[in-house]
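Whole structure, please, built from the sequences with the hints as guidance.
Start counting the sequence shown at 9; every next residue gets the next number (our numbering).
Fair warning: there could be bad hints in the mix.
[Stated by the list, open to error] With a Cα cut of at most 30 Å, we get these calculated BS3-like pairs of lysine-lysine:
#  : residue 1 : residue 2
1  : K99       : K234
2  : K135      : K211
3  : K210      : K221
4  : K135      : K89
5  : K203      : K181
6  : K168      : K107
7  : K99       : K170
8  : K246      : K234
9  : K99       : K181
10 : K170      : K234
11 : K168      : K203
[Unchecked claim] Quick list of the computed label-pair ranges, beta carbon to beta carbon:
#  : residue 1 : residue 2 : range
12 : Y175      : K106      : 42 to 48 Å
13 : A112      : D186      : 21 to 27 Å
14 : P71       : E171      : 17 to 23 Å
15 : P214      : A242      : 16 to 22 Å
16 : E171      : P114      : 31 to 37 Å
17 : G127      : R232      : 27 to 33 Å
18 : K89       : K246      : 34 to 40 Å
19 : L206      : T84       : 39 to 45 Å
20 : D186      : N158      : 23 to 29 Å
21 : A200      : R232      : 17 to 23 Å
22 : D128      : A87       : 17 to 23 Å
23 : I172      : T222      : 43 to 49 Å
If you are wondering where the hints come from, they were derived from the structure by calculation, not from laboratory data. The C-beta atom is built at its ideal place from N, Cα and C for all residues, glycine as well.
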Amino acid sequence: MKKAFRLFTMVLLSTLFSKQINAQTKYIGNSGTMNFFEIYDTEGNRIKSAGELGINGTPLLRPGWGTGIVQYLNGTAVAYKAITFSLLENKLFYIQNKKLFMVAQPVSSFDISYAGDEGDSVTYHFKNGFPFIDNQDPESLYELLYEGENLQLLQWNHKKIKEINNYGGGREKEFFLDQQLYVYLPKENRIAVLKQALPAIKKTLPAYAAVIKTYFDTHTASIRDKEDLVYLMAYLDKHH
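This is the structure in structure tokens:
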């Protein structure tokens with residue numbers, strides 16, 4: 009796993025960990041959407057993509073580039089026309105003046121929007137500053153599904169390289185998405201794993217047991233559906 013990670017970082021992202029790289033970037037797309045890019049080194053050699061290395065999928069939140077606003081820890085906010093988020097490294101990358109950069113300054117949150125083929129768009133909101141839990145620290149960026157005064161619903165999105173043994177064939181590598189839900193109580197500065205099962209939610213939020221019962225007495229909802237879970241969190245946040 010570590011060898012595959014080093015190979016991916018070295019070949020695809022190469023010198024992204026410096027403030028700037030000497031690279032030319034070629035955009036390919038339509039309707040103003042940049043679907044993917046090609047990076048060349050200073051000698052004109054194209055850096056190979058993950059697919060060419062035999063790794064299926066993408067390490068990114070979504071393929072291609074989005075537009076976004078990054079809120080830095082020092083209070084400044086910067087808008088980017090071409091930005092992407094690596095779930096493999098939990099880091100932001102952007103293009104400016106035809107050069108590729110990694111966001112190196114401490115970030116507090118960011119929004120990133122991707123344009124659809126039919127003129128629609130989808131926006132993701134990420135934030136950090138939460139307590140230590142599992143393998144995450146306060147610098148880890150979580151997707152914020154709901155943000156209330158008493159409760160916040162977070163989702164940790166992480167990708168890793170996984171090796172698959174195909175029946176009757178060879179081995180393949182792919183970027184595997186691992187997700188975990190958490191609930192954060194800002195007034196207590198407490199974070200906890202949230203499982204999508206009613207008994208588990210009641211156990212995690214014992215102070216909300218009566219409100220949870222009232223909600224399900226008056227609403228038809230499925231805890232397994234994340235949209236319904238967001239509605240539940242919003243209800244608990246406002247009726248506690």
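For each hint, the structure was consulted:
1. K99 with K234: The given pair, whose Cα atoms are some 25 Å apart, holds under the 30 Å limit.
2. K135 with K211: OK: K135 and K211 at ~26 Å, within 30 Å.
3. K210 with K221: 9 Å, holds
4. K135 with K89: 20 Å, holds
5. K203 with K181: 29 Å, holds
6. K168 with K107: Roughly 26 Å separates the two Cα atoms, so the pair holds.
7. K99 with K170: Status holds; Cα separation ~20 Å.
8. K246 with K234: It holds: about 18 Å lies between the C-alpha atoms, which stays within 30 Å.
9. K99 with K181: Roughly 22 Å separates the two Cα atoms, so the pair holds.
10. K170 with K234: The given pair, whose Cα atoms are some 26 Å apart, holds under the 30 Å limit.
11. K168 with K203: Answer holds: K168 to K203 is near 22 Å, not above 30 Å.
12. Y175 with K106: 42 to 48 Å: At 45 Å between Cβs, range holds.
13. A112 with D186: 21 to 27 Å: For D186 against A112, whose Cβ atoms are near 25 Å apart, the range 21 to 27 Å holds.
14. P71 with E171: 17 to 23 Å: Holds: the Cβ-Cβ distance is about 22 Å, inside 17 to 23 Å.
15. P214 with A242: 16 to 22 Å: 19 Å, holds
16. E171 with P114: 31 to 37 Å: 34 Å, holds
17. G127 with R232: 27 to 33 Å: Because 31 Å falls inside the window, the suggested range holds.
18. K89 with K246: 34 to 40 Å: 37 Å, holds
19. L206 with T84: 39 to 45 Å: Because 43 Å falls inside the window, the suggested range holds.
20. D186 with N158: 23 to 29 Å: 28 Å, holds
21. A200 with R232: 17 to 23 Å: 19 Å, holds
22. D128 with A87: 17 to 23 Å: 20 Å, holds
23. I172 with T222: 43 to 49 Å: Hint holds: Cβ distance 46 Å, inside 43 to 49 Å.
Checked against the numbered hints above, the structure breaks none of them.
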